[in-house]
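A.B. asks: Next come the chains, spelled out residue by residue.
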Amino acid sequence: MSDKAKSIVSKKTSGQDERLKEVSKLRLLLNRPELGAVGGAILVFIFFGIVAGDTGMFSAYGTLNFLDVSANLGIIAIAAAMLMIGGEFDLSIGSMIGFAGICIAIPAIYWGWPLWVSIIFAFAMAVLVGYFNGILVVKTGLPSFIVTLAMLFILRGATLAITRLITGRTQVPGLRVLIENDPIAWMFATDTFKWLFTWLGSMNLIALRTDGTPLATGIPPSVIWFIAATLFATWILMKTRYGNWIFASGGDKNGATNVGVPVGRVKISLFIGTAVAATIFATIQVLDAGSADTMRGNLKELEAIAAAVVGGCLLTGGYGSAIGAAFGALIFGTVSMGIFYTDVDTDWFKVFLGAMMLIAVVFNNFIRKRVTESK
Amino acid sequence: MSENLIEFNNISKFFGKVIALKDVTMKLKKGEIMCLLGDNGAGKSTLIKTLAGVHKPDEGEIVIEGNKTVFDSPKDALDMGIGTVYQDLALVPLMSVTRNFFMGREPLKGLPFLKTFDIEKANQIAAERMGQIGIDVRDPSQAVGTMSGGERQCLAISRAIYFGAKVLVLDEPTSALGVHQASMVLKYVVKAASEGLAVILITHNVHHAYPVGNSFTVLNRGKSLGTFNKKDISREELLGMMAGGEELDKLEVELKEMNRINN
Numbered sequence: 001m002s003d004k005a006k007s008i009v010s011k012k013t014s015g016q017d018e019r020l021k022e023v024s025k026l027r028l029l030l031n032r033p034e035l036g037a038v039g040g041a042i043l044v045f046i047f048f049g050i051v052a053g054d055t056g057m058f059s060a061y062g063t064l065n066f067l068d069v070s071a072n073l074g075i076i077a078i079a080a081a082m083l084m085i086g087g088e089f090d091l092s093i094g095s096m097i098g099f100a101g102i103c104i105a106i107p108a109i110y111w112g113w114p115l116w117v118s119i120i121f122a123f124a125m126a127v128l129v130g131y132f133n134g135i136l137v138v139k140t141g142l143p144s145f146i147v148t149l150a151m152l153f154i155l156r157g158a159t160l161a162i163t164r165l166i167t168g169r170t171q172v173p174g175l176r177v178l179i180e181n182d183p184i185a186w187m188f189a190t191d192t193f194k195w196l197f198t199w200l201g202s203m204n205l206i207a208l209r210t211d212g213t214p215l216a217t218g219i220p221p222s223v224i225w226f227i228a229a230t231l232f233a234t235w236i237l238m239k240t241r242y243g244n245w246i247f248a249s250g251g252d253k254n255g256a257t258n259v260g261v262p263v264g265r266v267k268i269s270l271f272i273g274t275a276v277a278a279t280i281f282a283t284i285q286v287l288d289a290g291s292a293d294t295m296r297g298n299l300k301e302l303e304a305i306a307a308a309v310v311g312g313c314l315l316t317g318g319y320g321s322a323i324g325a326a327f328g329a330l331i332f333g334t335v336s337m338g339i340f341y342t343d344v345d346t347d348w349f350k351v352f353l354g355a356m357m358l359i360a361v362v363f364n365n366f367i368r369k370r371v372t373e374s375k
Numbered sequence: 376m377s378e379n380l381i382e383f384n385n386i387s388k389f390f391g392k393v394i395a396l397k398d399v400t401m402k403l404k405k406g407e408i409m410c411l412l413g414d415n416g417a418g419k420s421t422l423i424k425t426l427a428g429v430h431k432p433d434e435g436e437i438v439i440e441g442n443k444t445v446f447d448s449p450k451d452a453l454d455m456g457i458g459t460v461y462q463d464l465a466l467v468p469l470m471s472v473t474r475n476f477f478m479g480r481e482p483l484k485g486l487p488f489l490k491t492f493d494i495e496k497a498n499q500i501a502a503e504r505m506g507q508i509g510i511d512v513r514d515p516s517q518a519v520g521t522m523s524g525g526e527r528q529c530l531a532i533s534r535a536i537y538f539g540a541k542v543l544v545l546d547e548p549t550s551a552l553g554v555h556q557a558s559m560v561l562k563y564v565v566k567a568a569s570e571g572l573a574v575i576l577i578t579h580n581v582h583h584a585y586p587v588g589n590s591f592t593v594l595n596r597g598k599s600l601g602t603f604n605k606k607d608i609s610r611e612e613l614l615g616m617m618a619g620g621e622e623l624d625k626l627e628v629e630l631k632e633m634n635r636i637n638n
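Line by line, the protein sequences give chains A and B. Residue 241 in this note's numbering sits at position 241 of the first sequence, with consecutive numbering throughout. Add 375 to a position in the second sequence, counting from 1, and you land on the number used in this note's numbering.
Source of the hints: derived by calculation from the structure; they are not laboratory data. Nothing here was measured: the structure is a model prediction, and the numbers come from that model. Take these hints with a grain of salt, some might be off.
As the list claims (entries may be wrong) - Listed below are the simulated SDA-like cross-link pairs for lysine to any residue, each with C-alpha atoms no more than 25 angstroms apart in a straight line: (1) B:Lys562 - B:Tyr461; (2) A:Lys239 - B:Ser533; (3) A:Lys139 - B:His430.
Pulled out of the complex, with its shape left as it was, chain A reads as follows:
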């Protein structure tokens, strides 16, 4: 660092009084995209802590239950958030979940493929679908909203038609027996930290079944994937060159192109990301349920976008965070499960979901104004 810059830096760190510094720290925090979602999650936990604190919602079993729901949503919400930061939408996430499900089930059950080959096949199809979405958006310049809306119908329709053509039904059961000894399936189907729950059970710290085994048997795979996805996405966004390109592509496509960011490639890769996340979601659910259903994942794309928006992503791109989307998903998962523990009719869940989104959008808009127009 040159002497001049040094003097500026030292002036900055020493010259100001404490009060000013504290304000700027608060400002810094206020300008973080995930602030709203983290605050919202805290409020939600306080609310259910008061309303449903003694109902078993926060027992080990209850906690894992709402964490599992949050985690499943979170996996796709994080990918949707990254795509939104990159300036695009993917409305075909939900249909991709259904499609990926039968891509696993039909080869495994009807064609006799080993389960792990079917899973790899599903991921390969996801890459293809994502690539196709991306290349269509990039090459035609059409809004991704329209292109992926078309893909929403195409994929769901194809899923239904192909499944009925091959199986004569709309569901493909019988996968559970194939999971055992499969070299890949365990990654999507195994509860972890079982020893911890067994130990907690033996100490009588968590609820037990009548046979003495703990009610909550381990951390579900969705939660592990969710945490891994959050960390991975955050690392990409904050710490890599590719992350900077994502922000740049969504923030100003022309500007980014002019300074040499490969905007097209970045966007295509993000579409592949959402399709792959949908396939992770599908694999976990299909292996958990032991069957694939052509309607699986219906409307999940909207929940994923809602979680990303609550998490601070701007609809116009260029701003947002993976941690925010993770907390957005946590809010939705917690409320959707928690509402069963209260006296509130579960019909009200969607009202809450919509209201939450509206508040988030208004709040985000305010934040963006602060960030871009504070002078």
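Position chain B against the provided structure of chain A, taking the given hints into account.
C.D. replies: Chain B in isolation, oriented as in the chain A frame:
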């Protein structure tokens, strides 16, 4: 080696039947600021894009440091040291100063196959560079959207210089700015030239161009009306030479006429 850093010899550019540029010649030395003046439609944009490697000239040659050069792409022009700052600046308001400064050219660190964005180094360089211009970035992670128009312009220029520009091409750097902001940008341009860069300043504002320019090239309807040294031409003559000058004269006459009728 020629003493000119960059020469444009008899450059012509046609789009179909339209003659966008015809026989334009410009020569620049190190440390020189040349102002390219012209009204809308005079061919300024075409000339910038030819300089930046977006268009290839149909006739004529570009000579850099004595070597004849052909730009096949904007990247070629960049590699040869032509740093173009477009009017839209290629800055993303929602991204931080640092992330904008290094957009597309991020410094990396770490293992060969697991390189990460060296954000500490980037912050340090960005703060240092902005400090040299006299802009105290309180925090290089603050969004560019919080900066003033002049500061943004300076950031874009500073970025072009940092990434190796020898010839700076500035497209209307002061057009959207107030007097104070514009003078801040122009001061920085003079400083950059005094450090050995050649600057091509494109503008239609003679009042901004005249104080900083060493020479002036006036474009009118795709043709150069010539390059003039500062000592050989006055501000009014320059203004008159741009198409706008005649128009303004006419306007003045018309206004007088209106006044006469009203009275």
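A.B. asks: All the hints need checking, so say for each whether the structure fits it.
C.D. replies: Structure-based check of all given hints:
1. B:Lys562 - B:Tyr461: Between Lys562 of chain B and Tyr461 of chain B the Cα gap is close to 19 angstroms, so the pair holds against 25 angstroms.
2. A:Lys239 - B:Ser533: Given that 25 angstroms is the threshold and the Cα spacing comes to 24 angstroms, the pair holds.
3. A:Lys139 - B:His430: holds, 22 angstroms
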